[in-house]
Amino acid sequence: MSRTDLPTDHDGDPAATCEYCGRPFTHEQYLVLHRGVAHDGEITDEEREAYERASEREDEALRRFRLKALAALVALYFGFLMLYAVVTG
Amino acid sequence: MPSGSRRRVDRLTVASVAAALALVALTRPVFAHGGSLGQAARDSISVPTWLVLLTGGAAVGASFLLASFATDRAFVASLHEARPVSVPGRDAGATLLGVVGVAGLAFVLAVGFAGPQRPAISNAAVTVVWAGWWAGFAMSTYLAGNAWPALNPWRTLTELLPRVGRRYDWRLGAWPSVAGLLALIWLEVVSPLADRPRLLATTVLAYSVVTVAGAVVYGPSQWFEQADPVARVFRYYGAVAPVGVVDGRLVVRLPGAGLTDDVVDGFDEVAFVVALLWVTTFDGLVTTPAWRGLADWFVGRGLPPVVLYPLALAAGFAFFLAVYVAAARRARRTAESYVTALTLARRFAPSLLAIAAGYHVAHFLGYFLTLSPALVATVTAPLSTLSPSVIVLPEWFGLVAIAGVLGGHVVAIAAAHATAFDLFPGRLQAIRSQYPFIVAMIFYTVVSLWVVTRPEVTPPYI
Chain A
1 MSRTDLPTDH DGDPAATCEY CGRPFTHEQY LVLHRGVAHD GEITDEEREA
51 YERASEREDE ALRRFRLKAL AALVALYFGF LMLYAVVTG
Chain B
1 MPSGSRRRVD RLTVASVAAA LALVALTRPV FAHGGSLGQA ARDSISVPTW
51 LVLLTGGAAV GASFLLASFA TDRAFVASLH EARPVSVPGR DAGATLLGVV
101 GVAGLAFVLA VGFAGPQRPA ISNAAVTVVW AGWWAGFAMS TYLAGNAWPA
151 LNPWRTLTEL LPRVGRRYDW RLGAWPSVAG LLALIWLEVV SPLADRPRLL
201 ATTVLAYSVV TVAGAVVYGP SQWFEQADPV ARVFRYYGAV APVGVVDGRL
251 VVRLPGAGLT DDVVDGFDEV AFVVALLWVT TFDGLVTTPA WRGLADWFVG
301 RGLPPVVLYP LALAAGFAFF LAVYVAAARR ARRTAESYVT ALTLARRFAP
351 SLLAIAAGYH VAHFLGYFLT LSPALVATVT APLSTLSPSV IVLPEWFGLV
401 AIAGVLGGHV VAIAAAHATA FDLFPGRLQA IRSQYPFIVA MIFYTVVSLW
451 VVTRPEVTPP YI
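Respectively, the protein sequence lines represent chains A and B. With the working numbering, the residue at position 35 of the first sequence is 35, and numbering never jumps. With the working numbering, the residue at position 249 of the second sequence is 249, and numbering never jumps.
Heads up, a few of these hints could be off.
Ranges of calculated distance between the beta carbons of each label pair, as one might list FRET restraints [to be verified]:
1. Ala314/B <-> Gly41/A: 47 to 53 Å
2. Ala71/A <-> Tyr461/B: 48 to 54 Å
3. Tyr77/A <-> Thr95/B: 51 to 57 Å
4. Glu49/A <-> Thr95/B: 54 to 60 Å
5. Ala15/A <-> Phe443/B: 29 to 35 Å
Worth flagging that the hints you see were computed from the coordinates, not collected in a lab. All C-beta atoms, glycine included, are put in the ideal place defined by N, C-alpha and C.
Let's have the full structure, built from the sequences with the hints guiding it.
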């Protein structure tokens, strides 16, 4: 889960680098999440707290994403319903 | 952990994905003819092609949207667990399969040369190779598990021979097998292999000579793991199967669970996966009227007909591969990640195998069932000329074909989803990383559906 052994490349310095495994990240927030997912047993209490807060923020973002996905599904469904009605009707 | 309730939600999500897809399949009988064989099914299409293609593409997109509802890491990971099992008598079974394989090869060669030549369907070499092996056995590799390492007669034979022990050049990687796969498909398309038992037996003999020579020079394990295209096809199909071998132990898992493992090793192997997907499409593409028109145009402009097929095979493969590479490059950006594009290409490639397996079911299950009485009749009386009966499939059989295509996509999307969760720390990031791959999958689906909904004509210039 959130691998520690992946080949990476980047121009210039990465925005954040994991102190435990050296994996670079494009945003500090990804590093915070990565610590909690990949280094569960090793991290400090502050790092864990930061991870939990970031997870909650992510839950919020996921909820918004799900709403959009649901809207897209509904649009697809009714779009096709009407399309079929017009084309085959 | 609040994952108890979330897990229930996720189970519900999975159930609703399945239900929605079933609904799509049942309420769109037109699409059902997509993967089916035969002119009758195509003739009954009453919905314009563009709508069939649009529906197919939308079904893939909708399954991705539904899969994106499953965001509990523990749940996503649990779908991809493999449980080790011990089977008593595994070694004896493998030995027995080896004997069956060698006997089968000898049988195909003997009957191909000495058996009845007309009609070809009364020759057991033809029915064993096409219906028994390329349709039936190939289906077993992804529906059950890959038994080819045990059954492979060339492997069994060359294990017994002395070997030169030359080292395989690792820079070549899977490329010889990519070339081999394309060459085999070219041969299948341009030559009447299914109509001339002697030609088929000659081809099998030629393949045997090359394979035995290769395995003696490089040793069976290097040869069959790297260079041999057939072993690679079955090994990759086997990654889709519910039964597999991990570190020498038999494991059971959900279908497609093996696709999140690191099964594809480098760009060469990515190319092989894409080639496997491309050849299932190419097989049907050459029987479309559009291909005939294109071929006429090129030959009219002075292209020698001999190079027409190899050129199209190579060009189409390059195009499919370019689409996939573009998707991998793009995924690096949509996921905002430093993980190399090559790594992304490698890790997401196995999910395409489920799609290839789905198309294989759609193309070959009906073929296998149709020819199964002929297979039994010819194998039991290999030297007599018969006119074996064939099974005429009912109209609704098209639904089974479509279930194959859709099932392949569901498995592929679930595998890509789990792979993304394995790679990235952010859950939304994992979902975003899949966008380009889903677009590529929609492209492959639309192309394949377009091919199978065209009327079938004889391929020109062969």
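Item to check | Non-conforming hints, listed in increasing numerical order | outcome: Going through the list in order, the structure violates no hint and respects every one.
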